[in-house]
Amino acid sequence: MAALFRPWTNTAFRIGLIGLVGGAITLVAAPMIWVRTPNWRKQFDAIDQPVEFDHRHHVQDDGIDCLYCHKEATVSATAGIPSTDLCMGCHNQIWNKSPMLEPVRRSYFSGLPIPWNRVHDVPDFVYFNHAIHVNKGIGCVSCHGRVDEMGRVYQVADLSMNWCLNCHRQPESHVRPLDRITDMTWKAADQSTLGPYLVREYGVRSITNCSACHR
Amino acid sequence: MGNDVRALWERILAGKTGRDYWRSLAELVSEGSPEDRQREFPEGADERPDEPSRRSFMKLLGASMALAGVTGCVKDPVEKILPYTHRPPEVTPGLSRYYATSMTLDGLATGLLVASRDGRPIKIEGNPDHPASLGAAGVLEQASILGLYDPNRARAITQKGALASWDALATELARPRTDRGAGLRILIEPTASPLLASLLGRLLAAYPAARVTVHSAFETGAAAQGATLAFGRPLVPQLDLRNASVVVSLDSDFLDGQGMHLRHSRHFAERRRPGWPSPTMNRLYVVESMPSCTGTVADHKLRRRSSEIGTFAAALAAEILLGGKPPSAVSPDIVVALRPFLGREERALVGAIARDLVRAGNGGLVVVGDRQPAHVHALGALVNSVLGAVGSTVSMTDPILWNPGTAGQDLAALVAEMRVGAVDTLVILGGNPVYTAPGGLDFAGALGSVRQSFYLGLYADETGARTTWFVPETHYLEAWGDGRAGDGTASVVQPLIRPLFGGRTDAEILATLLGTTYPSAHALVREQWRTMLGETDFEARWEATLRRGFLPGSEAPVVRADLAAPGIVAALATLAAAPAPAPDRYELGFYYDSKVHDGRFANNPWLQELPDPTTKITWDNAAVISIRTASELGVMNGDLIEITLPGFDNAVPAVTTSPPPATTVVLPAFVMAGHADRAISLRLGYGRGAALPVAEGVGTNVQPLRRQGRSFLDGASVRPTGEKHALAQTQKHWELHDRPIALSATLEAYRDKPGFTREQKGPVLSILPAVDYTGEQWAMSIDMSICTGCSACVVACQAENNIPVVGKAGVLRSREMHWLRIDTYHTGEVDTPEVVHQPMLCQHCEKAPCEYVCPVNATVHSPDGLNEMVYNRCIGTRFCSNNCPYKVRRFNWFDWMEEKPEFNGDIRTLQKNPDVTVRERGVMEKCTFCVQRIRRAEIDASIERRAIRPGEVTTACAQACPTSAIRFGSLAHKETDMVRWREEPRSFGVLHELGTRPRIQYLALIKNPNPEVG
Amino acid sequence: MATEPVFIGRPTDAELSDQLLSTAWRPWRRLGKIGFLVAILGTLSLFIGITLTVMYGIGMWGNNIPVAWGFGIINFVWWVGIGHAGTFISAVLLLFEQKWRTSINRFAEAMTLFAILQAAMFPVLHLGRPWFAYWIFPYPATMGVWPQFKSALPWDAAAISTYFTVSLVFWYTGLIPDLAAMRDRAPTRAKRFIYGIFALGFTGASSSYRHYRVVYGLLAGLSTPLVLSVHSIVSSDFAITLVPGWHSTIFPPFFVAGAIFSGFAMVLTLVIPVRSLFRLQNVITKRHLDNLAKMVLVTSWVVTYSYILEFFMAWYSGDEYEIFQFFEARPFGPWAWIFWMMMICNAVIPQVFWFRKARHSLAVLWFVSLLVNVGMWAERFVIIVMGLQRDYLPSAWDVFVPTYVDWSIFLGTMGFFLLLFLLFLRFVPFVPLAEVKELKHELSHEEEH
Amino acid sequence: MRRTQQRGIVGAFDTPEEIIRAAHELRKSGYRRLEGYTPYPLLDLERAIGRGRSRIGFAVFPFAIAAAAGAYLVQWWTNGVDYPLNAGGRPAHAPPAFVPATFEMAVLFSALAACIILAIWSGLPSLWQPIFEVPGFERASIDKFFLAVSDLDPAFDREATAQRLTELGASRVEPLGVHPATDAELDERLERTEGEES
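First to last, the sequence lines map onto chains H, E, U and P.
When we follow our numbering, the leftmost residue of the first sequence carries the number 1, and every step to the right adds one.
When we follow our numbering, the leftmost residue of the second sequence carries the number 1, and every step to the right adds one.
When we follow our numbering, the leftmost residue of the third sequence carries the number 1, and every step to the right adds one.
When we follow our numbering, the leftmost residue of the fourth sequence carries the number 1, and every step to the right adds one.
By construction, these hints were calculated from the structure, which means they are not laboratory data.
Even glycine gets a Cβ: it sits at the ideal position worked out from N, Cα and C.
Be a bit skeptical, because a hint or two may be false.
Computed list of lysine-lysine pairs in DSS-like fashion (alpha-carbon distance at most 27 angstroms, straight line) [claimed, not checked]:
id : chain 1 : residue 1 : chain 2 : residue 2
1  : E       : LYS80     : H       : LYS71
2  : E       : LYS80     : H       : LYS42
3  : E       : LYS912    : H       : LYS71
4  : H       : LYS136    : H       : LYS187
5  : U       : LYS440    : U       : LYS99
6  : E       : LYS761    : E       : LYS974
Pulled from the structure, derived: some chain P residues nowhere near chain U, Cβ distances all over 12 angstroms [claimed, not checked]:
id : residue
7  : ARG158
8  : GLU167
9  : ARG172
10 : VAL173
11 : PRO175
DEER-style ranges, computed between Cβ atoms [said to hold, decoys possible]:
id : chain 1 : residue 1 : chain 2 : residue 2 : range
12 : H       : PHE109    : E       : ALA544    : 34 to 44 angstroms
13 : E       : THR280    : H       : THR74     : 49 to 59 angstroms
14 : H       : THR11     : U       : PHE36     : 35 to 45 angstroms
15 : U       : HIS445    : P       : PRO154    : 31 to 41 angstroms
16 : H       : ASN166    : U       : PHE137    : 20 to 30 angstroms
17 : H       : TRP163    : U       : LEU44     : 45 to 55 angstroms
18 : E       : ARG719    : U       : TRP301    : 52 to 62 angstroms
19 : P       : GLY80     : U       : PHE36     : 50 to 60 angstroms
20 : P       : GLY80     : U       : ASN282    : 56 to 66 angstroms
21 : H       : THR11     : U       : PHE137    : 29 to 39 angstroms
22 : H       : PRO99     : P       : VAL81     : 55 to 65 angstroms
23 : E       : ARG719    : U       : VAL302    : 56 to 66 angstroms
24 : U       : VAL302    : P       : GLY80     : 33 to 43 angstroms
Throw the hints in and build the complete structure from the sequences for me.
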């Protein structure tokens, strides 16, 4: 009698089988790849701000130091967003008519804060402390990238725990002299010798235990 | 069922050792069979949320996203940052600042330091320099921070329930009176505030006919009246326990719940700790009806009904003056009057105590509780002066509380006047009299016949609902004001935050009465203190005072006091005349609750969930009775009993204005070893009415049974109703089962055999490689000898670590979240057991059993010896909790913020500590040794390129402990007490033989019994 | 007395095939329909229970501190245990060349598969945050954190997943010749088509059979240590801890024995009704039931011995916590009646199997097997709940009280199990046709010589 | 096993004994490319057609070893090397604790390997094979025993072999894989057979 299946079913069936296995593998692999993409990590997408604040202008043209506005960085966990009166310190003199600065003036006179949008956002269970990093020779640029070249600021590092551990495991390859903390362009002549020296000098410790960041 | 229960009790009492008793009690009374428990939870009656909350769905959503994301954290949409517009120079975002202020309770102030972060107060600590605090902060002080953020606080001025404006109110209040104040009555709580005193003074000057009633749920004047008898003038005793070597407490809980209890605890502990090499201790006798915290640390506890304590005092005095040779000459009349009391108590016992006191001489001390009537205080004063203790362990000063003098009027008189309509304006400043007034006089009814009544209160409570005008009061953390500590030290109250709901202070109301329509408490305080600090560079001194929180050297001067025989004779006469208690009746004793006090803190979830130090009951009050009483009545824990006080209706002339208050109260019985027989102890402050959602329906209001001027009364009849009520206890087993958990010994035994804990410490054999711990190694030492079980540490921990509240249902299911609990064990005699308090928290074992069973590395050990709990890594297998022999781990069975928003949510979230993660549903949590504080200190030290200093870091519990029984620090700091204590012979580790190598060392409880007492 | 034969009658291969295959297309009677209804209702309650748990949290269960593990883990261990008999019958008995295993092995294996499915739900479901269950596997995470392999739970994950996969493979391999038979015998073209796909084009060529036999034996050889390892690992969830009553070195063998004990009981519970419903008395003879009963009796003794040993060791160790656990908490503490129920069901009742009469009365067999299942569930309850209710610090003691969600999930798994089992009976030849024919062939040979 | 090009003759037998005898005979008379199709494994037949013991076991073994090694290495590297954490004071690299997972993985992969190799060596899955075209072959899985002789067999001769099979007791003899089956033919045949059945 006639067979139930035709010759072509063999090929069809095997292709189907391969598809099945392949599909299963993709199902597992795809998300693992996805979470490593800048897209998921929210890297490189410049964020709009209520005020068109341009770091390029303030840092490069005016040569204002990071710590002038973000002064808490040296003492507190948060780097601090400057209060409106700090902005107005200059801008009641210069550009005090500029429509660009309208929101600032409104905030200044109404007393309502300017609602900035957070760019570097780690989960709430991560207790990052600016003070200790800044005081132990980790430069702004190391995590925030060339902010001085950003019109609208965006996240450069992927801010994954692996990324944190990467530096925590070998601080010597990232430390820099304390007077170069806010220097965006500084490069060590020879990090391999300078690094270990600074680590000893500043008493930098490689801390990878959990409660260092999670409490 | 009554009979077989009776049989059970008989069997228990027959038991030779306490052991059988405790066991049976554990099995049959405390816990009940699971089948019973099941009945408590009928299908679906557990904490099943009514309808799926939005967040739960978001959770699921998040879950699926996380699943898709194969990663720990799901990124949220863009978050906002709101910087200051005008930044205050002193504020640094992310750093806490501390401000000195003080909290006033029952008129006496306690100095505090309050941590403020980014403008919101988040934590309360004691003010180390303040005489009433010495750096400690009690349960109520700690918890008051949550009271500030209570969303149920009143928010608006109302007139007859309708919204009204301050202007309208002010004009009403300030309306000039023509009657010299004849119709004006002021009802205030006891106060020692210089500001209020002067304002009231001015008021009475302006309206000489006005009358002031000082009312509190309890009489606070007994001591002063006693002194009037003993010394012929009203004085109050100031204790100095640093000098006391033998203390006899007559119904006094001086280590907990009194104005100066923090100071007393600290000083008592200093003499209590049997240090090494020469262990010496003071000795404490406690005579009381209901076991108190003080009672639990006593070397000898004597169970007496409150009414018998007077007799005891007399007998003691008799023994001292007649038993041995009189140590000092007293007037013969006293001796004569005392003679009949000789032997009214068992002489061997009282004699021994008397001799002990005499030996101690001016190191002896008799403390009489405020609950006792004046004549007992007089006898106390007698004994003290005979011993020569006056001037050494106790000194007399003028009363600290403000006294209206001739303008004064007691509550009963006021109510009578109100009822006949003689009062046209009644101004009530706090105190919620409708609830706190004794049931005897129907205050609520009388209030109806007052033309115009004003009430200033934190809540629109029972009183607020009945007065014509209601004014929201400011919380003390929002207010300017002042007060005096128990020793008279003038202290300032300064606000840390703008009033959240508007609100006024009592001073402002009084000022308004005096005609200023827009008073400012700030201005008033400054005015007042101008007079106290003097004009000369006032600003600087004012600034200094604000920084310090109080005015040094302002304590009340000690006055000389000589015995006045006639008064004492009179006292003895009243005592002799006291009628014998009816045989078939029971004595009712009324007590402040150690958590909700007189009910003013009833809306505070932390306090409601805090286990009572002695009964471990949460979310309830009970009729506490002795074992024999229980056996007489045939009841066990949770059986509802009906307490009736006969002959009530004629106590008050005309109770026609409103339905007469009930004379019977039904509430659950709780059987407590160490309680006096044939007496029933009731705690005030429960059964609050509406407007307090948290407190509503919690416990039973026992005020209807109270009588004006009596904190205990005789002649109640009791009847079991046969119904049951589930009491939510956090601890149900009180027996040690001979396990080496909470070790104890007597002083002699300790001297003879110091190494009695040797089995429970030292190295243990292990096949595991030694982990070398270098650098800072965090550890804790706890001295059980000086732990009174007051539970301040528990609340401190709750405040510091964002610990959620689970509610009664949660506690009944044994799901309370406290990281730190106080285990209380009973040993020894059945009737009067020895009590051991053992604060139990994560032991931070070096070989932690919890760690190696976690499949995902969510709990691991840090190089500095901490047992780390990583919430964000935890998947919630609960394996760690199973393997924790100390059972100190807590699990988030629900998202408590979601499931119990009424306790954890709303603006209460403003209190949360920003340095501690708020734990998600389904993760394990536990004591972290306040790791956030440790890391903070590490960072500071590291930035300054130095090592952490000894004492730089301490945990919330250690910081709050009134007796400093908890010491925290690094093992590297050899010179600290924490380390020295561990080297004392009596130190030990709990469950040492398991080889967990706990980082917490306990110091065994040492008691110092009098060998003469059998 | 002559032992019963393992095969009755002399049907031709064709008749035999029709008898054994037809179950897959003969229309069902009312009884089957009712069965399905019950099963579906049970499954429903399971999914309601799961939804509530995932939506609100583990708080919906009765667990608390100290009793952090409740029904979840009880059910897990119980179901895994039941699974063991299937593998035991099909693998171990195969290696020992027990003829009587033939006609019931597929049946038992299916039971294994479905039991493991029920069990596998719980390790995930009982988590506080089930959506992170995958963290227990060592995959390259952006967090850079790994599982902790000193815990017994990753072992569990490995063991259970392996156990399920291997059992599935084993089962399917055995099934292939019969699927081929179904392909060639099924009445409608559609059916033949479907079975044909699953038969993978198997022809019964000797060249395939020669590998086939070896592989089948190999799988049996692998499954035997596997079945022992799985419950040993499950037992180490308890044995590696220091909870009184858990911390014991006899747990692995004790648990394996218990597992097989409950497994055989479950086989009896299922086989007896099926046998009569489908009139298979000739292939599943009294001999099979008799042997099963004997196995139950033996394992019951192993379990009983372990109980006695536990008590002895508790006393002998002199460890006060163990002593309290065994001599006070279990016999007299809360839920004590469950402890006594366990003792009676597992140690006493199976003793009736000493009597041939009992072994040959379907009613007795069936009820005893039911009671054994109850008893083994009770054993898990006793170990897990009672150990935690009364551990080291009396201050922390408390009792466990299950909630309606606990029950809906527990009963739900039974419904779901029944559902899968009925589907299996409906669509798969549950007596291995090829093997029975082989057996018949061998038997006929034996008779000749 | 080039089954798809397999051609030759199939003989159907009614009992195992017959087919085994037939196989022996053919073997004796120099046939080398024989294949039997039976409802259940017949060890004797395999021997008769000259198939020795299967070596599949050796093929599986390496997989077992590889899996075990891999499992242990993963545990050792993740816990001991990449991120060692102090869990309960136990050593980060704890061989005893790593045994269970190692063992389980070995079992898992050898089982999977065994089945996959089995499938490959027996040319499965292939839903269609020429043998299926042989009329009456559907009984091969029930109660008939088929013996196929490949035309690649040195001793193969269409008539003679057919003759021989009948002599040896084959109830019927059919050509195998004679018509390269096109879909069209199959369709047309199918109709016919279905006609017959009904």
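Check: Honestly, do THR11/H and PHE137/U meet the 29 to 39 angstroms range at C-beta?
Finding: At 35 angstroms between Cβs, range holds.
Notebook entry, point to check: Within 27 angstroms, alpha carbon to alpha carbon, are LYS80/E and LYS71/H?
Noted result: Distance of about 20 angstroms is within 27 angstroms: holds.
Margin query: Tell me if the straight-line CA distance from LYS440/U to LYS99/U falls inside 27 angstroms.
Written below: Roughly 10 angstroms separates the two Cα atoms, so the pair holds.
Next item on the list: Evaluate the given range 56 to 66 angstroms for the C-beta pair formed by ARG719/E and VAL302/U.
Entry: With Cβ atoms ~58 angstroms apart, the hint holds.
Item checked: HIS445/U paired with PRO154/P, Cβ distance criterion 31 to 41 angstroms -> For HIS445/U and PRO154/P the Cβ distance comes to about 34 angstroms; the hint holds.
Margin query: Against the range 35 to 45 angstroms, how does the distance between the Cβ atoms of THR11/H and PHE36/U compare: consistent or not?
Written below: Holds, since THR11/H and PHE36/U (Cβ atoms, about 39 angstroms apart) stay within the stated range.
Check: For the pair GLY80/P and ASN282/U, does the Cβ-Cβ distance stay inside 56 to 66 angstroms?
Finding: holds, 59 angstroms
Note to self: Given the hinted pair LYS80/E and LYS42/H, is their Cα-Cα distance within 27 angstroms?
What the structure shows: Holds, at roughly 16 angstroms.
Check: With d taken as the least Cβ-Cβ distance between GLU167/P and chain U, does d exceed 12 angstroms?
Finding: holds, 21 angstroms
Next item on the list: Take the C-beta atom of VAL302/U and the C-beta atom of GLY80/P, compute their distance, and say whether it sits inside 33 to 43 angstroms.
Entry: Check passed, 38 angstroms falls within 33 to 43 angstroms.
Next item on the list: Using the Cβ atoms, figure out if ASN166/H sits within 20 to 30 angstroms of PHE137/U.
Entry: holds, 23 angstroms
Notebook entry, point to check: Is it true that the CA of LYS136/H sits at most 27 angstroms from the CA of LYS187/H?
Noted result: holds, 17 angstroms
The structure agrees with every numbered hint stated previously.
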